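Visitor: As a plain string of letters, each chain reads:
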Amino acid sequence: MAGSKGREGEMLESIYSVLALVFILVACVELGDAATVVDVYRLIQYDLAGVPFGSRLASLNHHAGSLPFAPGADLSRTVVIIPFREVNITFLRDYIMQRQPLGGLLLLLPQNISSESREEAEEGDRNNGKELIRSELAELEKLLVHVNIPYPVYFAFEDDKITAVLADVKTNDATGQPATATTGGYKLVVSTPEPKKLASPTITNIQGWLPGLKADGDVNQLPTIAIVASYDTFGAAPALSVGSDSNGSGVVALLEIARLFSLLYSNPKTRGRYNLLFGLTSGGPYNYNGTFKWLQSFDQRLRESIDYAICLNSIGSWDDELWIHVSKPPENAYIKQVFESFSSVAEELGVKIGLKHKKINVSNPRVAWEHEQFSKSRVTAVTLSELSVAPELLESTGGLSDSRHFVNGIAVSRSVKLVAESLARHIYGHQGKNIQIFADGSSLAVNPFYIQSWLDLMSQTPRVAPFLPKNDPFILALKKELADHTAEVNVQHEALDGIFTFYDLTKASLNIYQVASVTFDLLLLLVLGSYLIILFSFLVITTRGLDDLISLFRRPPSRKVKMA
Amino acid sequence: MTVFHFFNCAILTFGPHAVYYSATPLSEYDTIGTSVKAATVYLGTALVKELLKALIGFIDVAGLYFALTQLTHRNISQNHKFQAVGLGWAFADSVLHRLAPLWVRARGLEFTWEYILQGLEANANLVLTISLAALGSLMWLRKNKPRALVPIIYACAGILATMPSITSYLRRGLGWHLPKVVGFELFASLMMAFISWQLFSACQKPSA
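If you read the protein sequences in the order shown, they are chains A and B.
Start counting the first sequence at 258; every next residue gets the next number (the numbering used here).
Start counting the second sequence at 8; every next residue gets the next number (the numbering used here).
For the record, the hints were derived by calculation from the structure and aren't laboratory data.
Where hints are given, some of them may not hold.
[As the list claims (entries may be wrong)] Incomplete in silico selection of chain A near chain B, CB under 8 angstroms:
1) 291
2) 292
3) 707
4) 736
5) 740
6) 771
[Claimed, not checked] Using C-beta positions, here's what the derived DEER-type ranges look like:
7) 432(A) / 161(B): 50 to 58 angstroms
8) 425(A) / 87(B): 48 to 56 angstroms
9) 416(A) / 126(B): 32 to 40 angstroms
[As the list claims (entries may be wrong)] Cβ-to-Cβ under 10 angstroms is the rule here; a few derived chain A residues that face chain B:
10) 444
11) 768
12) 772
13) 773
14) 776
15) 777
16) 781
17) 788
18) 792
None of these values were measured; they are calculated from a predicted model.
From the three backbone atoms N, C-alpha and C, an ideal C-beta is built for every residue, glycine too.
With these hints in hand, go ahead and build the complete structure from the sequences.
Guide: Below is the structure:
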């Protein structure tokens, strides 16, 4: 008997210890059971010459709130959700400039600019709405990129779940009480580590070389024409900066031009007497730092052999007017030649081309156009663009407002035709003659499907340079594509110059929990406590009698009464 | 054409049996009788299996019988015995089925009504179990019961024993939501408690 009891005791003990272990293990399990999980994209965080900009925090754990703010409310522990159509730029600007405290900001972007959305850019009055959205997005981006915000700012795309949450939050707020720990509501949680500086971001330049036909007995170096486009972007949300127009359109045009000329140059009978150098540069938003480094890597002979360079910048959303920007005075012979060849082709295509001259200010470090870097290295260069004014630093760099819907393949095709025909006339000496080499319907026609598919790819790839590692698949894809069209491809990796510092964490998952307030918990405790007390009294009364219940609460009768 | 499809699938399903019989020496030795007998025995076994599946809930009753009659208790009155047995039974049931989900899920940030409803269900379960234990003690521990009440006792005990199947049918078959099911359970438990209390006191009168 005693032995079996002992064994029983041991078994019980082991069972208890196993149970305890199970409980401990279970307690350590992450409680990630949010009703809604949304992909969110963080506002960029960067330092410019040591001055901090952008959103400085990443992790979030506060209650949700909405506009309009209740007057005098303390919002330092509230995350405000603002759908894009309710954004009031002046209000936001004032709020940020006055350094008002806020737990966090969640901006909801319209679904139709998402790269997942498959709507095509249509003509008609849809365009007006889209133009309005585009300009408002650009304004919002400009505001957010140039201020220092000490709380997390995230972007998300509107969908059913988050719209339902926002509607709930609005009705709760309408009753006058902002959501805090005691009034329930929704809690937004983003759990990420602290954002860290990105050590030595790299910029990668890819160049393709298409050699021209050297005549026998010709010892001189053939002249070279360079076609350049920068491919990287910068925007308020680096994970969303796909830059379809700035400068996806330029890259796609460059690839198509390379394809057309590789067809011409593949046959020695049609190979021109010019070398063609194609350059896909990075570091565009940062004063064309990559172009500068690329030019530095040229040897003297190559640099001197370049007749002129054409830089492509934003040629995807124009209607009938393009601009050629120069830094050398328009009276310069080379510039005149280039402009004339472009103009004659433009006239035939029904496109208006204007010439804009902007002098380089050597003391100003700002490089607004890519051709300015060439000019600084004594190479004649022009930039072809739909923009008529030089963009400011970090402006028109392919941010939030630059999605697939705002660029169309037809504009890119016409730009390709314009550049290719002008180049061909110069290379083959057909100036002034009305010969169409890349005629529609010929084997050398501009391929709209090629352009569409590359535009689609560009619109789905965020390309902020510090977040593109050296061997990113996209860079390798560009290299491979250029290698298909040119004879020799070189890749140059450089470090981004000093004044910009970037921080990581561009994408996160937002958990939205519906929480009951502390008041609810207290109320429930009260209700359950009274339920248990009533149950207790009921059971005492029914099983032991009312007197027993009363006697539980009475002190034992005093000796006086007992004795009496 | 669908009849054709039926025919095709039927020959795929049943063909091999016929083919096996005719191709192997089985057909020579005329073993069809044995196969038919085996088939009949299978039908019997299947019947027994289905019956067991329907009555699996009655293992609860067997367990309560064991707890009430076979275990050695201290010398306590009938009245207290069934209550104590029912209490222990219901507590163990709650711990086994409700503690783990409660611990893992109710501590999260997300608020749901589920665990409050589960708690109410545990309350209903306690009342039901005590009623069942009362009826059980009436059935097995009390020898002199008024004749008329005996079938009622057995009927009520049957209802209580099949209560889990009833609730799962309501949930899955009729598609009732959890609050409705819990409400039904609470109501049913109070009704059955009242009925068993009446039966118990009715049976108590002769010996009192």
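Visitor: Hint check: is the beta carbon of residue 781(A) less than 10 angstroms from a beta carbon of chain B?
Guide: This hint holds: residue 781(A) lies near chain B, its Cβ roughly 7 angstroms from the closest one there, short of 10 angstroms.
Visitor: Interface hint check: residue 788(A), Cβ to nearest Cβ on chain B, cutoff 10 angstroms. Holds or violated?
Guide: holds (9 angstroms)
Visitor: Could you check the hint for me, namely that residue 432(A) and residue 161(B) are 50 to 58 angstroms apart, CB to CB?
Guide: With Cβ atoms ~57 angstroms apart, the hint holds.
Visitor: With a cut-off of 8 angstroms, does the beta carbon of residue 740(A) approach a beta carbon of chain B closely enough for the hint to hold?
Guide: Hint violated; residue 740(A) Cβ to chain B Cβ min 52 angstroms, cut 8 angstroms.
Visitor: Under the criterion of a CB-CB separation shorter than 10 angstroms, is residue 777(A) in contact with chain B as hinted?
Guide: holds (8 angstroms)
Visitor: Could you see if the CB distance from residue 425(A) to residue 87(B) stays within 48 to 56 angstroms?
Guide: Since the Cβ atoms of residue 425(A) and residue 87(B) sit about 52 angstroms apart, the hinted range of 48 to 56 angstroms holds.
Visitor: For the restraint on residue 771(A), tell me whether the closest CB of chain B is nearer than 8 angstroms.
Guide: For residue 771(A), the interface hint holds, since the closest Cβ of chain B sits about 5 angstroms away, which is under 8 angstroms.
Visitor: With chain B as the partner, please determine if residue 776(A) meets the hint condition of a C-beta pair closer than 10 angstroms.
Guide: violated (13 angstroms)
Visitor: Quick check on the hint: residue 768(A) CB to chain B CB, less than 10 angstroms?
Guide: holds (8 angstroms)
Visitor: Given residue 736(A) was flagged as interface, is its beta-carbon under 8 angstroms from a beta-carbon of chain B?
Guide: violated (47 angstroms)
Visitor: Tell me if the interface restraint on residue 291(A) is satisfied: Cβ within less than 8 angstroms of some Cβ in chain B.
Guide: holds (6 angstroms)
Visitor: Was the hint right that residue 772(A) lines chain B, CB cutoff 10 angstroms?
Guide: holds (6 angstroms)
Of the hints listed earlier, those the structure fails to meet are numbers 3, 4, 5, 14, in rising order.
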